[in-house]
Structure formats: structure tokens, C-alpha cells
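Colleague: The lines below spell out each chain.
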Amino acid sequence: MQSIDMVVDATREFLHQTAAFLPKLLLALLVVAVGWLIAKAVRFAVERALRAVNFNVLTERAGTDNFLRQAGMGGDTTTLFGLLAFWAVLLAALIIAFNGMGLTYITDLLGRVVLFTPKLLIAMLIMVFGSYFASFVGNAVQNYCLDARIPDAEMLGRLVRYAIMLFVIMIALSQIEVGGDIVQRTFLIILAGLMLAIALAFGLGGKEWAAALLQRWWPQQRKDQDT
Amino acid sequence: MNDVQVPVLDTAPATGISADDALWYKDAVIYQVNVKSFFDSNDDGIGDFKGLTSKLQYIRDLGVNTIWLMPFYPSPLKDDGYDIADYQNVHPQFGTLNDFRAMLREAHRLELKVVTELIINHTSDQHPWFQAARNSPPGSPQRDFFVWSDTDQKYLGTRIIFTDTESSNWTWDPVAKAYYWHRFFSHQPDLNFDNPQVMKAVLQVMRFWLEMGVDGFRLDAIPYLVEREGTSNENLRETHAVIKELRAAIDASYRNRFLLAEANQWPEDVREYFGDGDECHMAYHFPLMPRIYMAIAQEDRYPIIEIMQQTPDIPETCQWAIFLRNHDELTLEMVTSKERDYMYTTYAADLQARINLGIRRRLAPLMENDLERIKLMNSLLLSMPGSPILYYGDEIGMGDNFFIGDRNGVRTPMQWSPDRNAGFSRADPQRLYLPPIMDAIYGYQSTNVEAQSRDPSSLLSWTKRMLAVRKTSQAFGRGARRFLRPGNRKILAYLREFGDDTILCVANLSRSAQPVELNLASFKGRVPVEMLGRTAFPPIGELPYLLTISAYGFYWFRLATDAAVPSWHEQIVSVDERPVVVLFDGWTSLFRERVVPWRIGMAEKTRTQFETDTLPRYIETQRWYAAKGTPIERARITENVLWQEGKVTWLMALVELDGAEPHGEYFLPLAIAWEERDDERARNLSTSAVAKIRQQAAVGVMGDAFADEMFCRAVVAAMASHREIAMSSGKLQFRRTAAFAEVAGPDFAALPVERPRGSSSNTVVNMRERLMLKGYRRLRVGLNPELEMGLYLTEVAHFANCAPLAGVLEFIANDGQTRLLAMLQGFIANQGDGWSYSLEYLRRHLEQYRTTPAGDAVPLNAHEAYLNLIRVLAQRTAELHQALARPTKDAAFSPVPLVRADIDTYRQRALDEARGALDLLAANLEMVPAADRERAAAVLAQREMLMTRMDACAAATPQGKKIRIHGDYHLGQVLVTRNDFVIIDFEGEPGHTLEQRRAKHSPLRDAAGMLRSFSYVQQSAVRSVAHNEAEALKLAPLARAWESEARAAFLSAYEASARKAGLYETLQPGHGLLGLFEIEKALYELRYEIGNRPPWVGIPLQGIVDWGSG
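Going down the list, the protein sequences come from chains L and R.
Counting from 1, one number per residue, gives the positions in the first sequence under this note's numbering.
Counting from 1, one number per residue, gives the positions in the second sequence under this note's numbering.
In short, the hints are calculated from the structure, not lab data.
Check the hints yourself; a few may be wrong.
[Said to hold, decoys possible] Which residues of chain L face chain R? A partial, calculated answer using Cβ under 7 Å:
id, residue
1, Val53
2, Asn54
3, Val57
4, Leu58
Note that the Cβ used here is the ideal one computed from N, Cα and C, for glycine as well.
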């Protein structure tokens, strides 16, 4: 009898708990469903808004669209931003839903992911504007060199573009806190190597010019006169 | 409709002298005749009034409207009649007073005014007044008729005029025992106007002739009437008082008579003879004449400009009389002594040719018989301010004989023919008053009226033409004169302006061809129409107007506001006049959705400027803009795509116009080229520039892409490769036809491209005379009949005499609607269209007969060569119809039998047209030119008869076929190519919808269109060749004969080719369907002309009258 009671109690308890959990689950499901709808709407609104202000033109000019296309993505950068917004809203809904269900660990986990989204967004914006700026400055340098009839104008332009892009990528990466020290060190190594290469090139290629310069600043004759 | 402008004959000549016109003398061209020299009717060796009367028609035909008769009064003839012995009679040598009256009547019947001499300064010493005076006691009224003195020391300050013969102005009269005063010869004593009896006698003489009907007097030697001690005895105040009295006497009793003062004085002195409009109506401008000679001798305009500047203004009702030569010597009194020396050495190297202070020669010998110089002199005479006087014989270039003595060398008999005595008289040669000119150059055998009348290029024919042209504008007689001062001093250029009428006269005074740049900026936009040939020159623009003129050449231009610009003229607006569009990102600067976010505002601003200012300004000046004159508020780009080929991008735009015609949609492909990077393209584009563009430091041109060689080639290449370009609401579809390879050849991508030519609806680019890219501008939705017919004739019927279709560019909207944007056709090397060819042909033919005597017959087969060409045209027309009548499965082209219902429809349409056109005519009768009113009334009166005849025409049995036809067939739609024709422009009647144009009809509609076109040519040619109503009347029968021959040739050759195809029942002109279509077309033309070109209404009206009476 006692065993029956235990079973019954356990069942009752289970049923109680289930009865208490079911509404929470249903509510969570409702929250997720509503969140999904809102996310869809936000995605639509973000994409429309971005396109209305010609953000897509900017990303295309910046070359990020092309980059994404080459990476096998169906849409352009604006689509990606829409997607980000969609997931941000959906994740928020999930947090609420899980929180409601008392699953705090999952809530914390999702919370961290959601907090990362703005950083990603900013990093992507940095990439978009940075790439546009890089290509703008690169083109300006190239056009200036062409007009000034400086040889290798195209190469110089590209060099400037790549140099700016390097900084932009670094900033973006530091924004999303990826890489950290190793990226910085790699950058410093590359910079130091570059400076060394320039110094060597200048030292070897411009030896005579440097000698002539030195000669002018401290001429041998003056030494002779002094003696 | 034949879209060619032909000037319209003003059938009421502007300068026709009407009896009521008090200012008739301002438009007069005066012919100076010496009765003695003109024609001898009684074979006594001296010309007479009967002779003159018989030659008045010649004078009238010359184109002058006034005759000035030199003295014909009884006289001892010691000074060629200027020594009068009886003021109120006719010298018996010249006939009787009745002969004079008969001559006057005849002249007035021929609308010629007659001016005689009133010589009141002096009489002959044989005049009864002088005989009475010398025999009367001093102080008596008879004696006082003349100026007497006991001494020859009075009036010592007076110059002697005839220095060669007279040594004093006083001559001793042994009878009167006193000296008498004479300013001219000693046998010409001066009348004494201080004696009131003299004035009374003179007024009586004047009234005698005025009562008879004489229209005016030339007042001979007028400055010398009164004498006062201590003066030069010229131009005295008292003299003017005498003239005022004469004028008052005329004005009191007579209308429209005039006085012409002969005062050989400087202009400022002559000015006095006009008074305040209360002395003489006209006065000679003596100083101008030698300066015209001087200007040509020195090849410099200065002498003429200088004297005209010194010429004072004269009262509104007065006029100058100007001349080149007259019965006296070419007087050099009005030039400085240095100038006189220059004139003597140039024009009278032979001392015999000099007399007094002048040169006794005629115009032709002075010009060394150089026809060009003679013409130039006459052109100056006829266009300078004043009424010109022509001296008899100068119109044929008569010579002189200065060995005869005095000035008789320029008074020899008129040279009528190569017969004995120059046809002047049948008398024995030795009886002639003077021998005629007989030398090899000027002799009557070679220079005579008869020969020159026959020769259309003779001086006589030319003079007739010039006088006819002068009559067409009152500006010559009445206009203000304004000299232009081009840099080239050998060019004399001046404007004659009267009301809205402006005439530009340009003369090259030098013996070699000269260029000139004229500043005509104030006449910008006007079209200079050369008045002799009525040829329109390119319109006046911003830049100086450049002309080149042959040696001693001249032009008279009417600066017209109503004439059409020559069809071949390309209006190139300097790119500097185009607005500047500042771009920041190439083409995308115009599209807000294609720029980076922070430039959206700038893009919107640029687009607004582009659509509301740049494009409207460009489109409004284009020939293909349909609503000409209507300003465009905004040219809205409704559909566009940036088409990129290699490094070049074009904007393919469809544009809708706000503020212009409803739903006006245009195709506007545009190109951009930057000056530094793409100089050659930029240069090409600047010929049809839309705007100057700037992007940062780079400048360039945006222009019509058809002016871009690369674009034209890209279009052809895209057609060859069946390219498609997606647009937001449809696509651009390029495609080639089966004939592409054959027409375009393998090297089509490398063909040189010529500059585009704009026409009323499209732009045509010629590619090395092999391909023709035709860009349509005004777009229409639907299947274009030109494309449909082109495809059928090229690919199915293989009709050789049309331009083969090689490719097409269409815009196909998402809803399936198509718009034809461009077509690629094979180029047709041609000699112009049939309209210009025929019109020019007929004009040449008529020109030949314009100045010849009316009786000259046209040779029987005169038009045979032309008619052969028309037969070929008829054959090609028949072949076209046969090609279109071939059985085919294509429902759009398969022929169907003509049934009763069709004829009923045709009948109804024609009757509707008749009602519409005739009602419109009745409502707009006041718009019909005066000359055509009678015809209009005749047409309106025939209304019922026309309807009945149309019914009769429609009663024909329904026999024949309905096929696709040309639809707008006339001479302007066929190109003449090596004695053959190519039929073009299958777009159909522009006023109809595309569906109406694609309907099937009886082919006789095309035939009727062509027949009407002949009628247009016929009447246009007469209007453009004839300068006045008389010429038009003379030429009309010749033109009508041509038309009837051309019609007959066309119909018979068409019949021969088309009969067997069973296309129609009868081809009898004016009957059956042909007749019905012809009258319908004429009525349509009437409606069109009333609405668009009222001066042309006469042409369809005549066609309707002819049809009604046919």
C-alpha cells in the first residue's frame, strides 16, 4: 500500500510538476513563436532601411558583397545584417523563454551570445566602412599618381588599399576580441620586418646617395682644412 | 504630305502701282526713253511717238513701271530738245499731239506712268517769248520774260557750266542791244522768275500737260531759276519759293502726280529741294553715281559708304532718284579733283571719251563689257535707297560712239534686231538721225533685243529677272538703309529694312572671289533666302555669318522668319552654349538608388536639374521633338539601363515629357566622353551635345549616343549577337534578320560611322554607305508597320526596290508590349527623293521659259527622259503591289478580295472627308490667300456635284483585291537611284493609329497618292519660279502640260505591269476607286493645309476644281 502511495505520490508530484511546467513551456513556446515573428519583421525592416539609405551600394563599392559572394553566401552584406538582426531578436526571445522555464544556465549561455552580437555588428560596420575608405583612398592615390605620371600608379594604389585594409581588419578583430595578443604580435613582426626591409633597401640601394649626402653635410675638405 | 517648303508666290505684287497710291514714286523703277532714239514708225530715220507706243509692251515686259520721256517739244534741236521753242506741242519729227495722247493712253492701259520734262530755266532763242522779248523795249513785261543787262559784268560769282563751249554766262543780243543771261548754251536764254508773268505762263504750261494725264515732271536745271547779285546764283531761297509755288499748284488740283528735281548738287544742297515735303517729291542723288564707279574701280566700299553717310534724311514722302547712266555725260562734278583724275584714268583713258567734267560713255563700255561687273553695278543701283532710273539700251548692254560729237554718242538708235538700222527704222541708213552702233562687240548685229529675248542667260533676261525680284519687296524702294562693316573692305554689305521685311545685300566689289563674315547676331534664327533663286541658306546663328562671293558677285537675301531651314542643314549648337552638369560619380550621379548613402541628396538634386533643365533645353531644339514650340516642364526618365561595353557605358533611357504633348515618350540613348582621356569621342559628341559635364577636375561632354561611333557599332554588334539587356520593367532586345550577313558584310564592326542626321521623327546614322542605323525618337506602342513591312519585303517577298532590313532594336515591356527603338537597314546610294528631283526638274524647265516670249513653243518630246523615269517609278510601284499581293499564310499580308462592303466603307470615308474639309474651308475662308479665294468659292459651290460624283465613283463593281499597301505614297517616299527608284518609309499615314496603318486597302490608294504628288510638284514649281502673277499665268499652262504627261505616263506604265495581277477594276483617271481615292486625298490635303499651311491651300483647291471638271 505504502509502495502504491509512493508511486501515486511520485506520479502526483510528477503530474503537479508537469502541470506547473506545462504552462511555462507553452508560454516559452509562445514567446519563441512571437519572437520569431518579430525577428522576421525586424530582419525585413533592417534590410529595407539599409537599402533605403543605399547601404547596399556602400557594401558593394567596399567590396564586401563580392567577398561574401566569393565565400559562397547567397545574399549581400545587407542580407547578412538582416540575418544578424533576426538572430539577435530570436536569441532574445529564446533567453526570455528559457528564463521563464528557469533554465538559467542556457539563459546565461545565450546571454553571452547575445552580448556578442553588437560587437559583431560593429566589427562588420568597421569592415564595410573601412573597406570603402581603403578603396576610396587607394583610388585617389592611383588617380593622383596617374595624373602626376608617376610610374606603377596602380601598384601604389593597391599597396595603400591593402595597408589600410590591414589596419581595418586588425581593428575589427580586436573589436570582436579574436586573436588578441597573437594578432598584435604578428602585426608587430610584420611591421618590424617591413621596416627592416625598407631600411635594408634604402641602405643598399641608396648607399652612394647617402654617402654623397654625408659628404655634403660633413665634407672631407673641412676636415683637411682643420688639419 | 510633301514636307518641302517652297516659297509662296505673292500674287498681289507688293509694288504694283495702284491709281490711288500717292507714294507710287517710292516704288517706281523708271525707264528713261528718248522718243527720237527708240523706234521709227514712219521710216523717216527718226523715232516717233507711234514707234514708242508700239514698243510700250516691251517696256512693260521689262518690269519697269514708269517712263521718263526726254524733251519732244518743237525745238531747233541744238541741245537735243532741251532748247524748247513751244512748250505746248510736239515736235513734228516725233508726231503730233494726238500721237502723244495715244501713247499716254496706251501706257496707262499697260499700268505705266509717264513722266515728261518741264524745262523752265530757259527756252530756245527761237521761242516766241524770246523773240518778243528781244524786240520789246526795255522794261516792258515781254522784255522782262528774260534776264537782260547792259553789261556782262553782273553776277560775276557764277560758274560756267559748259566750260568746253561757253566762255561767259552773258551773250550780246544785237537786236535787243543788251546782254541776256544763260547758264547753259548761249542759244538757251534763262527765263526771269522775278517777273510774275513768267510764273503764270509756266503754270499754264504745267496744267496743259497735267490735264492731258501726264503723271509727273522732271524739273530740268532747277537750281538756276533765280539770279541775285553777290551769290553763286544756285539754290537761292527765291528759287525754292518758285518750286513751292509749282508744287502747291499741283497739289491743289491733281492727285498722285510728282516732281523730280534735277539739281546737280551736293546732297545737303539737294536736300533743300524736298523742302518740308512741300517742294519736289524726288531729286537725283548725283554724287552717289560716280562713287559706285569709284568703289568698283578701287575695289573698296569706302566711296559709297562715305557719300551715303553724308546723305541727309529726307521727308517721309520724298524719295531719291538714282541712276548709273543717262543721256548726259557721266558727270564728275560731284567728286574731288583727285578722284576725278582717278576716274578719268580708269574709265576714260581715251581723251575723246571726256567731255566737260565727265565721261561720255554708256554703262557696258565703261565696264569693258564685263557682264559680271555690269550686273554688279545694276544690283547696286536696284538695291540702294531710292527709285532707280534705267537708261534705254543699258538693259541689253548697248555700246556708244564718242566720235559722233557732243553727247550724241550715248543717244544712238535703240538696237532691236540684227536687221538693217538695228531694226530701229526701215529708212535708208544715211537718213538716220545718228548711225547705230556697228562695232564688233556692241554692234546691233550682236547686241540687240531680239537675240537677248531668246537667250535666257542674256543681260536682258537677267534684268527682267532682277526687276521682277525687286518688285517682290517694298523694302527696296521704301526701306531704311543700314551698312554692315565686315572686316573685308572689298565687300559692301547693307540691310534694307521696311516693317518686318529685311533684305540683306552683299556685293563683292573686287575682281577675285572674297570671303566675308557678317555680324548678323540681331537676326539670330532667321533664314537668309537668296532672292533670285529663292534658295534658303543655313539660319543665322551666334557666330558671324560666313559667305563667299565670286568675283564681282552679289547676293540679295531676304532674312526670313517664315522660311524653312534647308533640309540638309545640321544645327550644331556649340557645346559652350549647353548647360553644365556636375557629376560626382559618372552616370550613377543621376540615380539616387545607386550612390553611397551620404550622396543621396546630391544625386536627387543633380537628377532634378537634369530632368527639368538640361534635357528639356536639349530636346526642345531637336528636329524630332514633335510638339515644337511647346516648352517642356520636365523630361522624366521612366526607364533606363546602363549598358556597358568594355570601358564605355551608355545610358539607355526612355523619357516621358511633362508639359508637352500628352504621353510623349521618347528614346534617348546618351553617351559621356571625357576630354583628356577620350578626346576624339568628346569631339564627336560635342556636335550633338546635351550638356557639358564636370567631375572634379575632369571635364567632358554628354551627348546623343548616336553621335558616338562606338555606340553605333555596339548596337550593330548587339544585333548580330541577338543580345538582350534587362531593364526594370522589361528588356532591350537586339536581333538581326536573315539579310543581316549579306547586308552588313563580315567587317561590320570596323565600318566608319558618319555624323548622325536628324529628321522629323528619327535620327539616321550612315555607316560607310553600307548600313543605315535609324534610331526612332518618338515611341509608339505596338508593331510598327515599317518594321513589319520591312521584314516581309526583305525576308518573304524579297522585293529588291526597298531598303533591306538587317536588324532591329526593340524595348519589350514585361506585359509584352513592344516599342521599336532602332532599325538597321541597307544603305541606298541615291540622288535625292522623287519630290526634290521632280520639283527641280520642272523648275529648270519653267525657268527656261520664264523670260522668253509667250509664243515660244515647247518641243514635243521635251519631257521624254523624265517621263521614262516616271514609267520606271510606275513599274516599281506595280511590282511592290504585286509583291504584297502574293498568297501567303501570314494573315497580316494575305490578300483578300474586295467586296461591296469595302467600297461602301471607302465611299463613306471619302464623303466624311468631303464634309469635314468643305465645312472647314467654309469656316476658314478668311485664312485662304486672296488669290485662291475664287477657287475656294468654286469648290464650295461644287459641294453637291462633288458628292454626286463620289457616289458615281463608288458605284464601281467590287472587283480586285485588298492588300497591304504603302499607305503614304508620294514622290517624297521614293529615292532616285541610277535611273531607278527605291521605295522607302513604310510607316504609313502619320495621322493614323498603328492598327489603321496596318489595315489592308485597294492598291489604287497608293496610285492616287502619287498622282496628287504630281499636282503638288506642278503648282509648287510655278509658285517658286514665277515672281509675279503675269509670270505665273504664263508658266501655268507649261506646268499643267507636264503634269498631265507625267500622270499619263505613270498610269499607263502601272497598268502595263499591274493589270494581270487583278488588283483593280479600272485605272481611268477620275473614275472608279482611283477617282474616289484621288478626291479623298485632295480633300484630306485641303484639311491639312488649312490647319497647318494656309498659303498652300491653293494647291489642293486646284486639284479639287480639276477633279470636279475632269
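Colleague: Take the hints in turn and mark each one as holding or not.
Modeller: Going down the list of hints, with the structure as the test:
1. Val53: Where the cut-off is 7 Å and the nearest Cβ of chain R is about 5 Å from valine 53/L, the hint holds.
2. Asn54: 5 Å, holds
3. Val57: 6 Å, holds
4. Leu58: 5 Å, holds
The structure fails none of the hints (numbered hints given earlier).
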